[in-house]
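Colleague: Sequence:
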Amino acid sequence: MMLKNFCTVKVLFVTTVFLVVLLAGLLVLFFVGIPVIIEDQIEKNVRLDTGTLQWDRFVKLPLAFDVKVFLFAVTNGVDVVNNKEIPIMKEIGPYHYSEEREKHITGFNDDEDSVTFKQTMTLKFNQEASGVLKEDDLITVINPLMITLSQVTSTLERFVIGGCLEKVIPPEYSKMLITVPVKMLIMDGIPFGFRDASMGVACNIVRNKLLEKTANMKNVERILDPNDGEVDYLKFAYLQYKVRGPDGEYTTLRGRKDVNKLGTIIRWNGKPFLEGIWGRSVSVNNDTCNRIRGTDSTLYPPHITKNGIFEIFSTDICRYFHRGCASSPLTFIFSKTSNFT
Numbered sequence: 000m001m002l003k004n005f006c007t008v009k010v011l012f013v014t015t016v017f018l019v020v021l022l023a024g025l026l027v028l029f030f031v032g033i034p035v036i037i038e039d040q041i042e043k044n045v046r047l048d049t050g051t052l053q054w055d056r057f058v059k060l061p062l063a064f065d066v067k068v069f070l071f072a073v074t075n076g077v078d079v080v081n082n083k084e085i086p087i088m089k090e091i092g093p094y095h096y097s098e099e100r101e102k103h104i105t106g107f108n109d110d111e112d113s114v115t116f117k118q119t120m121t122l123k124f125n126q127e128a129s130g131v132l133k134e135d136d137l138i139t140v141i142n143p144l145m146i147t148l149s150q151v152t153s154t155l156e157r158f159v160i161g162g163c164l165e166k167v168i169p170p171e172y173s174k175m176l177i178t179v180p181v182k183m184l185i186m187d188g189i190p191f192g193f194r195d196a197s198m199g200v201a202c203n204i205v206r207n208k209l210l211e212k213t214a215n216m217k218n219v220e221r222i223l224d225p226n227d228g229e230v231d232y233l234k235f236a237y238l239q240y241k242v243r244g245p246d247g248e249y250t251t252l253r254g255r256k257d258v259n260k261l262g263t264i265i266r267w268n269g270k271p272f273l274e275g276i277w278g279r280s281v282s283v284n285n286d287t288c289n290r291i292r293g294t295d296s297t298l299y300p301p302h303i304t305k306n307g308i309f310e311i312f313s314t315d316i317c318r319y320f321h322r323g324c325a326s327s328p329l330t331f332i333f334s335k336t337s338n339f340t
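Just so it is clear: in the sequence shown, position 152 is 151 by numbering that gives the first Met the number 0, and no numbers are missing.
Bear in mind the hints are in silico, worked out from the structure with no lab data behind them.
The C-beta atom is built at its ideal place from N, Cα and C for all residues, glycine as well.
Just so you know, not all the hints are guaranteed correct.
With a Cα cut of at most 27 Å, we get these calculated DSS-like pairs of lysine-lysine [stated by the list, open to error]:
#1 LYS43 <-> LYS67
#2 LYS89 <-> LYS270
#3 LYS217 <-> LYS123
#4 LYS123 <-> LYS59
#5 LYS217 <-> LYS182
#6 LYS133 <-> LYS182
#7 LYS89 <-> LYS67
#8 LYS260 <-> LYS305
#9 LYS59 <-> LYS270
#10 LYS166 <-> LYS83
#11 LYS212 <-> LYS43
#12 LYS166 <-> LYS234
#13 LYS217 <-> LYS117
#14 LYS117 <-> LYS67
#15 LYS234 <-> LYS212
Derived CB-CB ranges, DEER-like [claimed, not checked]:
#16 THR154 <-> ASN226: 32 to 40 Å
#17 VAL131 <-> ASN268: 13 to 21 Å
#18 ASP65 <-> ILE316: 18 to 26 Å
#19 ASP110 <-> GLU156: 49 to 57 Å
#20 GLU171 <-> PHE69: 23 to 31 Å
#21 ILE91 <-> GLU171: 18 to 26 Å
#22 GLU156 <-> ASN268: 28 to 36 Å
#23 ALA128 <-> LYS59: 20 to 28 Å
#24 ASP227 <-> MET88: 20 to 28 Å
Required output: the full structure, derived from the provided sequences and hints.
Modeller: This is the structure:
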């Protein structure tokens, strides 16, 4: 009887130990093994390997960005012109545009685990999202051409330009306030700076100075004469530059060696620094201000936490900025750039 009880206790002990070991193994598998397996699979599926679904998404985004455009209309234009009153501004918008991006691969570097590409964009007006607002809406605004001229010229240069204003800028666009379709402001562009042999030597010098001053402005497009390749005229538009061509050449890490660096831009236009954009000759931290950092906003590393901060490099502002999760406020760390008016 005692032997039987001893065997029963022994079996119970062995069974208990087995169950404890089994439970411990299941807990380890559940809390350690499965997360490791999941993370490993995530990392394999997000890194940029050619021929994968992730690579296809990287080359051409399956979804379009929603670009919202707000404009400021002058509501008392007659009083401003006739009575010299201060303009009263009213915000109009948003006008929604769908932005699609596609990357064109120009090279690989396996040693540094990088891919180099140029990126093109398309912008299409989204009537459904814009509601009652339309691209052909007429809006009265402070003339962006005048703002452009005031920002790129000195007082003396503005005085000289004043004598040739109607020859450099078409009469309908030469006033301080203009009424134009929204599409002209955003995409089609306001024409100015026409080449005209009859404008005279002095005004032609003024026009050439205008071409020089606006050469690096993204939102001023140079329209060339197909016969001789010279600048025929200029066009100003807020967003047309986005669809004009690639916004530079990016070199980005593919995340195959270190998935936490996936999407990180290490060079733009072949260099890790911006040149002649930020800082002063007497500054000691110009390299920090001009360093290329972050991603292009289309690709991020995995293992994102609630308090994680993303660094996004934008060629629009020649700068990077921080962005948190949806529950956190958007924080910008850039200031004015000379590439825009």
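Colleague: Each hint needs a verdict: does it hold in this structure or not?
Modeller: A quick look at each hint next to the structure:
At roughly 35 Å between alpha-carbon atoms, LYS43 and LYS67 are farther apart than 27 Å, so this suggested pair is violated. Among the hinted pairs, LYS89 with LYS270 is inconsistent with the structure: their alpha-carbon atoms are about 42 Å apart, more than 27 Å. Straight-line distance between C-alpha atoms of LYS217 and LYS123 comes to about 19 Å, which keeps the hinted pair within the 27 Å bound. As the CA atoms of LYS123 and LYS59 are separated by approximately 16 Å, the hinted pair is consistent with the 27 Å bound.
Distance check on the hinted pair: LYS217 and LYS182 sit about 17 Å apart at the alpha-carbon level, within 27 Å; holds. A hinted pair counts as satisfied when its Cα atoms are at most 27 Å apart, and LYS133 with LYS182 qualifies at roughly 9 Å. For the suggested pair LYS89 and LYS67, the alpha carbons sit about 16 Å apart, so the restraint of at most 27 Å is met. With a C-alpha separation of about 18 Å, the suggested pair LYS260 and LYS305 falls inside the 27 Å cut-off, and the hint holds.
About 24 Å separates the Cα atoms of LYS59 and LYS270, which keeps this hinted pair within 27 Å; it holds. For the hint pairing LYS166 with LYS83, the CA-to-CA distance comes to about 25 Å; that is within 27 Å, so the pair holds. Of the pairs offered as hints, the one joining LYS212 and LYS43 is violated, with about 50 Å between alpha carbons and a cut-off of 27 Å exceeded. Restraint check for LYS166 and LYS234: satisfied, since their Cα atoms lie roughly 15 Å apart, inside the 27 Å limit.
Simply put, LYS217 and LYS117 have alpha-carbon atoms about 17 Å apart, close enough for the 27 Å limit, and the pair holds. Taking the CA atoms of LYS117 and LYS67, the gap is about 24 Å. The hint holds against a cut of 27 Å. For the given pair, LYS234 sits about 14 Å from LYS212 by alpha-carbon distance, which is consistent with the 27 Å threshold. Distance hint check: the CB atoms of THR154 and ASN226 are about 37 Å apart, consistent with the given range 32 to 40 Å.
At about 42 Å, the CB distance of VAL131 to ASN268 disagrees with the hint of 13 to 21 Å. In this structure the supplied range 18 to 26 Å holds for ASP65 paired with ILE316, their Cβ-Cβ distance being about 19 Å. Distance hint check: the CB atoms of ASP110 and GLU156 are about 51 Å apart, consistent with the given range 49 to 57 Å. Distance hint check for GLU171 and PHE69: the Cβ-Cβ separation is about 25 Å, which falls inside the suggested range of 23 to 31 Å.
Range check, ILE91 to GLU171: Cβ separation about 21 Å, and the 18 to 26 Å hint holds. About 31 Å separates the C-beta atoms of GLU156 and ASN268, a value consistent with the hinted range of 28 to 36 Å. Restraint check, ALA128 to LYS59: a C-beta distance of roughly 21 Å satisfies the suggested window 20 to 28 Å. Range check, ASP227 to MET88: about 43 Å between beta-carbon atoms, so the 20 to 28 Å window is missed.
Figure legend: structure checked against the earlier numbered hints; hints not met, in rising order: 1, 2, 11, 17 and 24.
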